[in-house]
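**Student:** Each chain is listed here by its residues.
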Amino acid sequence: MRSKIAIIIVVVTMVLGIVFRFTGLDKSPPSLGFDEAALGYNAYSLLLTGKDEYGNFLPISLRSFNDFKPALYGYLTIPFIKVFGLNESSVRMVSALAGIVSLWFLYKFLSVFIKDKLVCSLIFLWLSFEPWRLHFSRNAFETHLSSAFFLMGAYFLIKNKKIFWSLLFFGLSAYSYHSARLSVPMLIVLWGIDPLKWFWVDSVKEMVSSVWNGVTKMWWILALFIIMVIPVFMANSSLVLTRFNQENVFKRFYPYAPKEFVQGINPFLSFNSNALYYFGGIISGHVMSYFSPVNLNSRIYAWVKMSPQFIPGMGMLGWIEGVVFLFGLIVVIRNLRKSFEHRYLIYWMISGIAPAAVTWTWYHPLRSLNIFPAIEIIVALGAVEILRMIKNKLWYLVIALILMITVVYTINNELLYSAYENHGEYQPGGFREGMMTLKELSKDYDQVIIDSPHAQSFIFVLFYQKIDPNIVHKYADIRPKPGVEGNLNFNFEKFVFRPIDWPKDRNLKKTIIWTDDTMSKEEIEAIPGAKLRMVVPNALYDTARIITIE
Amino acid sequence: MISLFNYPPTEEQIWILMKIGIGGEAGLLALRILTILLTGIVLWLWFTKLKNILSIKSSVLAVGLLLISPTIWVLCWSYPLMIVKIAAVLLIVIFFKTKWWVVVLILLGIGFYNVKFLKQNPAILSKITMADAKNEVNSRFMSEDTLRIKMELPLWWRRIGYNKIFITYREVLAESLPFLDLETLYFQEVHPMEQKSVVLFYWPEVFILVIGIYFWVTSKINKSAMNMLVILMLIAFTDYLFSNTVVYQRFILMLIPLSLIMATGAEKILTNNKYIGGFVTLVVLYAVYVNGYDITHRADFWLDNRPLVYKSWYAGIRNIGVENFPKIYISTLIGNSDNYCWFYLGEQCKSDRFVFNSFDLSKGYIDNGLYAGFTGEFVGPRFKNDFDTDWESQLPSLGLTLISKENIRDTVAYKYGNDIGLVVKK
Chain A
1 MRSKIAIIIV VVTMVLGIVF RFTGLDKSPP SLGFDEAALG YNAYSLLLTG KDEYGNFLPI
61 SLRSFNDFKP ALYGYLTIPF IKVFGLNESS VRMVSALAGI VSLWFLYKFL SVFIKDKLVC
121 SLIFLWLSFE PWRLHFSRNA FETHLSSAFF LMGAYFLIKN KKIFWSLLFF GLSAYSYHSA
181 RLSVPMLIVL WGIDPLKWFW VDSVKEMVSS VWNGVTKMWW ILALFIIMVI PVFMANSSLV
241 LTRFNQENVF KRFYPYAPKE FVQGINPFLS FNSNALYYFG GIISGHVMSY FSPVNLNSRI
301 YAWVKMSPQF IPGMGMLGWI EGVVFLFGLI VVIRNLRKSF EHRYLIYWMI SGIAPAAVTW
361 TWYHPLRSLN IFPAIEIIVA LGAVEILRMI KNKLWYLVIA LILMITVVYT INNELLYSAY
421 ENHGEYQPGG FREGMMTLKE LSKDYDQVII DSPHAQSFIF VLFYQKIDPN IVHKYADIRP
481 KPGVEGNLNF NFEKFVFRPI DWPKDRNLKK TIIWTDDTMS KEEIEAIPGA KLRMVVPNAL
541 YDTARIITIE
Chain B
1001 MISLFNYPPT EEQIWILMKI GIGGEAGLLA LRILTILLTG IVLWLWFTKL KNILSIKSSV
1061 LAVGLLLISP TIWVLCWSYP LMIVKIAAVL LIVIFFKTKW WVVVLILLGI GFYNVKFLKQ
1121 NPAILSKITM ADAKNEVNSR FMSEDTLRIK MELPLWWRRI GYNKIFITYR EVLAESLPFL
1181 DLETLYFQEV HPMEQKSVVL FYWPEVFILV IGIYFWVTSK INKSAMNMLV ILMLIAFTDY
1241 LFSNTVVYQR FILMLIPLSL IMATGAEKIL TNNKYIGGFV TLVVLYAVYV NGYDITHRAD
1301 FWLDNRPLVY KSWYAGIRNI GVENFPKIYI STLIGNSDNY CWFYLGEQCK SDRFVFNSFD
1361 LSKGYIDNGL YAGFTGEFVG PRFKNDFDTD WESQLPSLGL TLISKENIRD TVAYKYGNDI
1421 GLVVKK
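Chains as they are written, first to last, in the numbering used here: chain A, 1 to 550; chain B, 1001 to 1426.
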């Protein structure tokens, strides 16, 4: 009976997972982000021409905004664009699908640790509504795809039976996002040599033997993985390194120690404030920040808030999970000696954190997304421990009620409130609403001037007007070179991207102007030949005006 | 460089000195010595209690870890009422058996002490009364309703998630969770948000904590030690919730249970492998040195800057002579400072000569007298707090003469600049 109920709960969870991931993908979030539009248009370009927006044939990385996005997300999006057209939903479907697959493997992983199927399924139901799961499944994030593959690879690795599948998914993970290229080899090495076990060996001989066994167990897997990802490192390696140079922890915080104490001397030779001491603190803090319940639950750092990974009003986990995570950690620590599976969770955490820890940001969920399934498993272990400690069954009811309301809150938060909070800055909106009108009008005009505050607004023109990629390829040479960041707009065909200067531009002829200028209709129509054609709304306010000048 | 040793008195030190009627530097030094003595006695008693329930080594290490914490030094030197709080909690734990009613009494007492004596207004109170929750529920509904493109969710469904009771639960959790903030507890030296706080524990000690936790959860720890740990954590948590002050002072009672856990970890490290033990000891000693050097050379980076402001004003007034001015105007932008006036200038502060109020000398008629204030009070406030470095060049046109000027590290009065000074209108 218990196992039948468990099966029903798992099926219901998966169905709900599908519903909340695929419903209304075009409305929530209400507009595409820049990276989403870029992934979508590149997939469109690959579909039609086999080349990315710059004309590179079947690339491994998409140059995009000179950030060289791993291309796998784009390739996987192609079938959805073929079937559903180039729109918000088709771009986000890969992420939604990754979310579903990830859910299933979360259940498989939970089953490794929780033997009571009913308890396991109930915890699975709860964890399936974690804020990060909903948020990352409803936005096109190559990181999320990578995280799903990483989870699958980690599952087959711990099973130690189907290493082929493990390698395949780890490889796909590395082709989806940069982090996995460091996380995967680290996890394979840690899995193989199992260093935490060394704390309990009695002699050096035993330790050497353990290391040797580990090396023989994992070297060929590691070698195959490296061979698999060599093409990634061969393609654009110097440019990827350029990106790392901008983001790494070594450069950003130099000289690490308080500047007033190390002025004029080599900070590493200072005795009073040695740089190495502070650098150790920074790196240790970066690692430990991923174990901090406050960060997991509620604290929002500035660099998170100003990016698409921001989940308003919540952290990556729900409202109590951070505390439960601590209980889970105690369970993990208690079982470190006797259980490889528990040690594996620590290895997973460390290898997932490593790529994020060497960048300048303290706690960066997006760069460490690979660890969140491991965190969920630790939360699950904590939950089992708490349930075990509860004597009065009335508490089960109270907990169930709180968790149920938390799930409803999370759904509201992601589908509605998040759409409100995140709209505007990096999900600018308005382009979908105005581009069709612009396209119709532009047939009769010589020039279209786009005056937008956004540094990459061209991508929305390409996306929503479905500009023929062959036309865009012709302009690849005049576009900002690799390494350039900031304003990456470029002029093509009739489209010119620049700010409007009314004293001069009022004399233009046969021109359409897309501007966020707040001039009234009367002011616009006082300009000879000018006409306000459309006030362009986004999800919250009027964001732009389409003006024609005859 | 401003050292901890000559850091001016804090408001609570002045309050105590006023109560006992001994002012001046000698009174302050006596108070500081007494506070250190009290700390020493309490920690000795704590050690004698600990050695009955933990090993001698762990007991020494637990007290040692407390003693090397910069927070303890700072509290001894500047916050006697905080030391009294620590002492009271430890003495009750030492001399009373850990019965549930003793714990309840301590918890109630801590709340009372924080509100009554430390004059704190804990944020948790506004959460419990649902005042904030009501605003948030309204704000969420209104925000979502303004969306022009959105998914439609039924109102009853939204109300399940957005209601005062659940939002209150959420806000209480949000208020409680930072109690588990590793960054504040262990990474103050490199804190990502550069918050104003003294170091509680040095960052290398976080690894000792991890090892300590391992042994606490895997070894057979004496039951009374475990009970004591849980009770101390509960007390620390209550104190954290029912306080509202600088972050390191909200965590002070957490130092004690953490030192117990770390002591176990440190003992295991030292006894299991002498090389690793030696290395860890060296690193921790170096941490003590680095932080000691830091706080003795730039105490204003770590500590509240307001006492520096008051010292600058009142020591300046004392030097030029109170009797030379018909009126002396003291800014109250950062609070009323008549207690500080008493400390530096004595009973003459009670005369009508002193006026404690904020002022704006850039506007209209100015009375003759001496003015102690911030840049913005002399030349007019600036919204972005961006004053010219030579702002004093504007004073002659206002008929003012600058007597002294000092720059303080922190912005304690936004819009009014980081320079303070004494200005005369004749």
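Read the hints as simulated data drawn from the structure, not as lab findings. Please note that the accuracy of each hint is not assured.
[What the hints assert, rightly or not] Listed below are the simulated EDC-like cross-link pairs for lysine to aspartate or glutamate, each with C-alpha atoms no more than 16 Å apart in a straight line: (1) A:K259 to B:E1136; (2) B:K1150 to A:E421; (3) B:K1150 to A:D26; (4) B:K1099 to B:D1388; (5) A:K115 to A:E385; (6) A:K443 to A:D505; (7) A:K27 to B:E1144; (8) A:K305 to A:E421; (9) A:K531 to A:D505; (10) B:K1164 to B:E1194; (11) A:K27 to B:E1194; (12) B:K1384 to B:D1410; (13) A:K27 to B:E1152; (14) B:K1196 to B:E1347; (15) B:K1164 to B:D1181; (16) B:K1327 to B:D1300; (17) B:K1019 to B:E1347; (18) A:K108 to A:E341.
None of the values given here were measured: they were computed from a predicted structure.
**Student:** All the hints need checking, so say for each whether the structure fits it.
**Tutor:** Each hint, compared with the structure:
1. A hinted pair counts as satisfied when its Cα atoms are at most 16 Å apart, and A:K259 with B:E1136 does not qualify at roughly 42 Å.
2. Under the criterion of a C-alpha separation no larger than 16 Å, the hint pairing B:K1150 with A:E421 is consistent with the structure, at around 13 Å.
3. In summary, the hint linking B:K1150 to A:D26 is supported, as the alpha carbons are separated by about 9 Å, within the 16 Å threshold.
4. With a CA separation close to 62 Å, the supplied pair B:K1099 and B:D1388 exceeds the 16 Å bound.
5. At roughly 13 Å between alpha-carbon atoms, A:K115 and A:E385 fall within 16 Å of each other, so this suggested pair holds.
6. Between A:K443 and A:D505 the CA atoms are separated by roughly 20 Å; this puts the pair beyond 16 Å, and the hint is violated.
7. Our distance criterion of 16 Å between C-alpha atoms is met by A:K27 and B:E1144, whose separation comes to about 13 Å.
8. Restraint check: the Cα-Cα separation between A:K305 and A:E421 comes to about 10 Å, which is no more than 16 Å; the hinted pair holds.
9. A threshold of 16 Å between alpha carbons decides the hint, and for A:K531 with A:D505 the separation of about 14 Å falls inside it, so the pair holds.
10. Of the pairs offered as hints, the one joining B:K1164 and B:E1194 is violated, with about 33 Å between alpha carbons and a cut-off of 16 Å exceeded.
11. For the proposed pair A:K27 and B:E1194, the alpha carbon gap of about 39 Å is over 16 Å, so the pair is violated.
12. Of the supplied pair hints, the one linking B:K1384 and B:D1410 holds, its CA atoms being roughly 15 Å apart against a limit of 16 Å.
13. Annotation: proposed proximity of A:K27 to B:E1152 holds, straight-line Cα distance about 10 Å (limit 16 Å).
14. Distance hint between B:K1196 and B:E1347 is unfulfilled; the C-alpha atoms sit about 34 Å from each other, more than 16 Å.
15. Restraint check: the Cα-Cα separation between B:K1164 and B:D1181 comes to about 26 Å, which exceeds 16 Å; the hinted pair is violated.
16. Distance check on the hinted pair: B:K1327 and B:D1300 sit about 31 Å apart at the alpha-carbon level, beyond 16 Å; violated.
17. Between the alpha carbons of B:K1019 and B:E1347 the distance comes to roughly 14 Å, so the proposed pair stays at or under 16 Å and holds.
18. Taking the CA atoms of A:K108 and A:E341, the gap is near 13 Å; set against the 16 Å cutoff, the hint holds.
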